[in-house]
Amino acid sequence: MAVEIEVLKSIPYFLGLSTAELEAVKKHVFEQMVEKNDMIIMEGDPANAVYFVVSGAVKVFKTSVEGKEQILCILKPGESFNDIAVFDGGPNPASAIAMTPVLLYGINKSSMEAILREYPNLAANVIRILSKKVRHFVSLVEDLSFRRVTDRLAKLLLEYATDHGPIGEQDTARPRLTQQEMAAVVGTAREVVGRSLKALEEEGAIRMDRHRIVIVNKKRLKQISGVGAGAV
Amino acid sequence: MLVKPILDEALCNGCGLCVDVCRCGALVIVKNIIKIIDVNDCGYCTECELVCPTGAIQCPFEIVVEESIEITFEE
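Residue numbers (the numbering used here), protein chains in the order written: chain V, 20 to 251; chain S, 200 to 274.
One thing to keep in mind: the hints can contain errors.
[What the hints assert, rightly or not] Straight line, CA to CA, 25 Å or less: simulated DSS-like cross-link-like pairs of lysine-lysine:
id, chain 1, residue 1, chain 2, residue 2
1, V, Lys241, V, Lys151
2, V, Lys241, V, Lys152
3, V, Lys46, S, Lys234
4, S, Lys230, V, Lys217
[Unchecked claim] Distance ranges between label pairs, derived from CB positions:
id, chain 1, residue 1, chain 2, residue 2, range
5, S, Lys234, V, Pro31, 45 to 53 Å
6, V, Asp107, S, Glu208, 20 to 28 Å
7, V, Glu132, S, Ala209, 43 to 51 Å
8, S, Pro252, V, Ser129, 30 to 38 Å
I should point out that these hints are in silico values taken from the structure, not numbers from a laboratory.
Positions of the beta carbon are idealized from the N, C-alpha and C atoms, including for glycine.
With the hints as constraints, model all of the structure from the sequences given.
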């Protein structure tokens, strides 16, 4: 497969460029197919290129020394990654793995710098995209640093828990929440909810039982949530 | 029958990301629309919901306390 102008047009980086300009940019773009579960870039490695997801999904994440993973974002078609490292000259700040078979477009660091000098419209797009990323990461920092997400999630689970009636597959009265809905309720990102549920499970307060979140230690969950005994 | 992810076919754009990410082969695209073909294999990992760009897949959780399950088994 060759790099396609129509695909480039759908990538926010290249919005507003004419077909002739896109033809010129296209000469610098290379294609890369990645198998599911293959690492695309490794945190700490030198940054060689900025990548654009053409098809598939890419997970960008950091791993702690204890092996805990924090998802920074899930990238879908049209979105870019590794641009920060390419522009500031530092190493890759995070790792990226293919969640599915992925088709990527890439532009080498030296080519990207030349393209930015040549096309000021593209530079404006890049500023907009990087600003959006900064906003996303500021929000993530807020969630991870200042907010006690796990505490609020514990409170939410206590509020939504039902402890009466038979558990039936067709029991529509029983409240059910997606992780996205939990994130919306406690004011955080879905990625943080997944991590917080794991934390509560490690604390021995809950057990993930397929489509159920089972509260196995209500007292412990109350302690984490800050809710007083008998309040729920 | 196991509880399965909820699919909204009207929202599905047939992109197939969920099929690609599915660990157990429970999802398939039929005539450009997502379907579940093998519910028993679905481990409810919620990755299909995570990657879906249109919100066509939902994996809601029941929140229950341990005692209620024990009562159910006793009954």
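We went through each hint and held it up to the structure:
For the suggested pair V/Lys241 and V/Lys151, the alpha carbons sit about 37 Å apart, so the restraint of at most 25 Å is broken. Using a Cα cut-off of 25 Å, the hinted pair V/Lys241 and V/Lys152 is violated, with the two alpha carbons roughly 36 Å apart. For the given pair, V/Lys46 sits about 40 Å from S/Lys234 by alpha-carbon distance, which is inconsistent with the 25 Å threshold. A threshold of 25 Å between alpha carbons decides the hint, and for S/Lys230 with V/Lys217 the separation of about 37 Å lies outside it, so the pair is violated.
Range check, S/Lys234 to V/Pro31: Cβ separation about 32 Å, and the 45 to 53 Å hint is violated. Taking 20 to 28 Å as the suggested C-beta distance range, the pair V/Asp107 and S/Glu208 does not conform, at roughly 44 Å. Judged by the Cβ atoms, the range 43 to 51 Å given for V/Glu132 and S/Ala209 holds: they are separated by roughly 45 Å. Separated by about 32 Å at the C-beta atoms, S/Pro252 and V/Ser129 satisfy the suggested range of 30 to 38 Å.
Checked against the numbered hints above, the structure breaks hints 1, 2, 3, 4, 5 and 6 and satisfies the rest.
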